[in-house]
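There are 2 protein chains.
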Amino acid sequence: MAFTEFRPLDEKLLIEYIKATPSLSSKIGNQFDDLTIKEVGDGNLNFVYIVVGTSGSIVIKQALEYIRCIGESWPMTRERAYFEALALKEHRQLCPDHVPEVYHFDRRMSLIGMRFLEPPHIILRKGLIAGIEYPLLAEHISEYMAKTLFCTSLLYRSTMEHKRAVAEFCGNVELCNHTARVVFSDPYRVSQYNHWTSPYLDRDVEAVREDNYLKIEIAELKSKYYFFLCSVKELKLSYMGISTLALVISGVGIVLQSYKEWILRTLEETWTLFHKKFTALWDQHKGGSGEAYVPEIYNNPEIQQLVQQKFMKDLFHDTLGFGGLWVWSMLRILNQLRMPENEQLVNNKLLNLQKCF
Amino acid sequence: MAFTEFRPLDEKLLIEYIKATPSLSSKIGNQFDDLTIKEVGDGNLNFVYIVVGTSGSIVIKQALEYIRCIGESWPMTRERAYFEALALKEHRQLCPDHVPEVYHFDRRMSLIGMRFLEPPHIILRKGLIAGIEYPLLAEHISEYMAKTLFCTSLLYRSTMEHKRAVAEFCGNVELCNHTARVVFSDPYRVSQYNHWTSPYLDRDVEAVREDNYLKIEIAELKSKYYFFLCSVKELKLSYMGISTLALVISGVGIVLQSYKEWILRTLEETWTLFHKKFTALWDQHKGGSGEAYVPEIYNNPEIQQLVQQKFMKDLFHDTLGFGGLWVWSMLRILNQLRMPENEQLVNNKLLNLQKCF
Numbered sequence: 001m002a003f004t005e006f007r008p009l010d011e012k013l014l015i016e017y018i019k020a021t022p023s024l025s026s027k028i029g030n031q032f033d034d035l036t037i038k039e040v041g042d043g044n045l046n047f048v049y050i051v052v053g054t055s056g057s058i059v060i061k062q063a064l065e066y067i068r069c070i071g072e073s074w075p076m077t078r079e080r081a082y083f084e085a086l087a088l089k090e091h092r093q094l095c096p097d098h099v100p101e102v103y104h105f106d107r108r109m110s111l112i113g114m115r116f117l118e119p120p121h122i123i124l125r126k127g128l129i130a131g132i133e134y135p136l137l138a139e140h141i142s143e144y145m146a147k148t149l150f151c152t153s154l155l156y157r158s159t160m161e162h163k164r165a166v167a168e169f170c171g172n173v174e175l176c177n178h179t180a181r182v183v184f185s186d187p188y189r190v191s192q193y194n195h196w197t198s199p200y201l202d203r204d205v206e207a208v209r210e211d212n213y214l215k216i217e218i219a220e221l222k223s224k225y226y227f228f229l230c231s232v233k234e235l236k237l238s239y240m241g242i243s244t245l246a247l248v249i250s251g252v253g254i255v256l257q258s259y260k261e262w263i264l265r266t267l268e269e270t271w272t273l274f275h276k277k278f279t280a281l282w283d284q285h286k287g288g289s290g291e292a293y294v295p296e297i298y299n300n301p302e303i304q305q306l307v308q309q310k311f312m313k314d315l316f317h318d319t320l321g322f323g324g325l326w327v328w329s330m331l332r333i334l335n336q337l338r339m340p341e342n343e344q345l346v347n348n349k350l351l352n353l354q355k356c357f
Numbered sequence: 001m002a003f004t005e006f007r008p009l010d011e012k013l014l015i016e017y018i019k020a021t022p023s024l025s026s027k028i029g030n031q032f033d034d035l036t037i038k039e040v041g042d043g044n045l046n047f048v049y050i051v052v053g054t055s056g057s058i059v060i061k062q063a064l065e066y067i068r069c070i071g072e073s074w075p076m077t078r079e080r081a082y083f084e085a086l087a088l089k090e091h092r093q094l095c096p097d098h099v100p101e102v103y104h105f106d107r108r109m110s111l112i113g114m115r116f117l118e119p120p121h122i123i124l125r126k127g128l129i130a131g132i133e134y135p136l137l138a139e140h141i142s143e144y145m146a147k148t149l150f151c152t153s154l155l156y157r158s159t160m161e162h163k164r165a166v167a168e169f170c171g172n173v174e175l176c177n178h179t180a181r182v183v184f185s186d187p188y189r190v191s192q193y194n195h196w197t198s199p200y201l202d203r204d205v206e207a208v209r210e211d212n213y214l215k216i217e218i219a220e221l222k223s224k225y226y227f228f229l230c231s232v233k234e235l236k237l238s239y240m241g242i243s244t245l246a247l248v249i250s251g252v253g254i255v256l257q258s259y260k261e262w263i264l265r266t267l268e269e270t271w272t273l274f275h276k277k278f279t280a281l282w283d284q285h286k287g288g289s290g291e292a293y294v295p296e297i298y299n300n301p302e303i304q305q306l307v308q309q310k311f312m313k314d315l316f317h318d319t320l321g322f323g324g325l326w327v328w329s330m331l332r333i334l335n336q337l338r339m340p341e342n343e344q345l346v347n348n349k350l351l352n353l354q355k356c357f
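In order, the protein sequences belong to chains A and B. Just so you know, the first sequence maps onto residues 1 to 357 in the UniProt record's numbering. Just so you know, the second sequence maps onto residues 1 to 357 in the UniProt record's numbering.
In case anyone wonders, no lab produced these hints; they're calculated from the structure. Since the structure is predicted, the reported quantities are computational estimates derived from the model, not experimental observations. Some hints could be false.
Derived SDA-like pairs (lysine to any residue); straight-line CA-CA distance at most 20 Å [claimed, not checked]: (1) A:K224 / B:E161; (2) B:K38 / B:E11; (3) A:K224 / B:Q309; (4) A:K277 / A:G288; (5) A:K310 / A:T272; (6) A:K286 / B:R181; (7) A:K224 / B:L221; (8) B:K310 / A:L214; (9) A:K313 / B:S223.
Interface residues of chain A toward chain B, partial, derived using beta-carbon atoms under 8 Å [claimed, not checked]: (10) L154; (11) V190; (12) Y226; (13) V307.
We put the beta carbon where it would ideally sit given N, CA and C, even for glycine.
Required output: the full structure, derived from the provided sequences and hints.
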């Protein structure tokens, strides 16, 4: 059967699709008899199938015209799959050790075929919730962040390449709007998608909605998000990376003191290592095609140092802002825990981290 | 003769082109016998022809593959004409009283046909140099700035429309790079395009090239230029408008005290009126499709006022930065006057204006 137009997959269609696609069928050794197919239930946005055969495995991800975890009532273009595939392929080129390979992308079907990281690999979030300490986490995350962020910025790219990428990623506006709504809007207004532990947190929720100064800061971050992140992607991962960890801090009320300490250490190490690796890449490429700081102008060690210090300080400032916001909106939405304590905890930790810097 | 591919115009070709183009020939009443054609010599980038007949007139503007005032040694894509026509048409829709009509655009020929503003109209710069006081200047410039800036920003547009425009204007990267080079790079490094009154200003030129803190500020403005101006256009005009006037201040050493006062008054009025008109548009459209400040979040008079104050203050801050920079680079490049005095003058005036605010 040919897949000449978009069709949402089910297991039967999925097998037909793989059979018809050499770049996928070859990964499972062209064996279709003993396939195990599992739709992974925890995707927020997309449908994700793990396909395991006797001689190989793949992951197939398909975007439908709506947000999976909400349903057809929140429509969203399938084109998000295109931008995801684009980013994955680019990031893999920049950091092959920490980004899975994309075997196949089909824009018409909004379908990505990619490497399945077999057990004992699990999703990091699950590992952290289970209290596992990963001694190399900071090393790996900082490596990924430094390489992908540096190499997609104007510190490395010419304005020509950069603008081309910006124009391309402007097409991903719907997904950006979705994130903007979840992070910058809904928690600060009445919305059907807000959930909290009622009645215990009712007053807190109201206090947030009435905090003018907080809302002004939110507007500031939202404007940065639109201009820098959406289009340029260059800071996005830094806030995602740091905030994934920060999110976990917010849950540490239920775990051991020693694990809390490991998390905080890892958070601090991640920034320290990222700082080191990012500035090392900068030093290494400062005579290259990046157009942010023209070498003939920023031409002595003192100014180079001043410029780097300012850049990294601003980046850290933004990272804390987005990280804090992300934690905050997650707490509102996932409704996992009592909030005021955790927020206080997160705020204190971020404050401490800022002091360290 | 058909114009099926790009050809640089001369007078003969120009007449043929107009004859073959009804939207142009109709403007001069289809009379070709008594045409006067004058190539206006003062274009920096393009060739500009004024075509006057017995029953009408037009302006024809053509972009070649290089920058006119420098020559073929500085190549630049002709596509800049496309973006100019796009912006002109859009701005005319937003502010028909102060933007000339585009009669015709030919992308293949990089050619714009537009209204000729007949005498007594002259180019504003020339009027200012001649010492003419225009009592309505602040009123008109502020009107144009408020309407075009507000209506192309996220205060008025949805993110969808906005991103589409950003993606489109990313294509204008070469012209943006040219401006960036002239304004943010060349004055701060050794460049063949720098001119100054040597040997009198040699030490000043050197001092600029060695001022680390100035160069750090320049980098900051350049980064704003790339993210906000190039792509979004929304602040561009404010800095152009204000800085055109600021440029004139720099030349007031040679004119009457009363004219200096008129210029400063106009500069101040321009900002004051712009502020008033821009915030009025904002109030008027605050329940509209603009997505920067969602009404359900920014939902009480106090926060609306705080948000507007912050926005306008930041905008003013940026405007002064770009205005100052623009004057500075113009002084370097045009080499019109002795510099240190004028800079001091401009700096003082801008400082005063900032205090007023």
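Quick rundown of the hints versus the structure:
Taking the CA atoms of A:K224 and B:E161, the gap is near 18 Å; set against the 20 Å cutoff, the hint holds. Pair hint B:K38 plus B:E11 holds up; C-alpha atoms about 9 Å apart against a cutoff of 20 Å. Our distance criterion of 20 Å between C-alpha atoms is met by A:K224 and B:Q309, whose separation comes to about 18 Å. Proposed proximity of A:K277 and A:G288 is supported: the alpha carbons are some 17 Å apart, at most 20 Å.
Only pairs whose Cα atoms come within 20 Å are accepted, and A:K310 paired with A:T272 is accepted, the gap being roughly 16 Å. For the suggested pair A:K286 and B:R181, the alpha carbons sit about 18 Å apart, so the restraint of at most 20 Å is met. Of the supplied pair hints, the one linking A:K224 and B:L221 holds, its CA atoms being roughly 15 Å apart against a limit of 20 Å. Annotation: proposed proximity of B:K310 to A:L214 holds, straight-line Cα distance about 14 Å (limit 20 Å).
Distance check on the hinted pair: A:K313 and B:S223 sit about 15 Å apart at the alpha-carbon level, within 20 Å; holds. With its C-beta approaching chain B no nearer than about 7 Å, A:L154 sits inside the 8 Å limit, and its interface hint holds. Interface hint status for A:V190: upheld, as the beta-carbon distance to the closest one in chain B is roughly 7 Å, under 8 Å. Taking 8 Å as the C-beta contact cut-off toward chain B, the hint placing A:Y226 at the interface holds, the least distance being around 7 Å.
Annotation: interface hint on A:V307 holds; nearest CB of chain B at approximately 6 Å, less than 8 Å.
Comparing the model with each numbered hint stated earlier shows that all of them hold.
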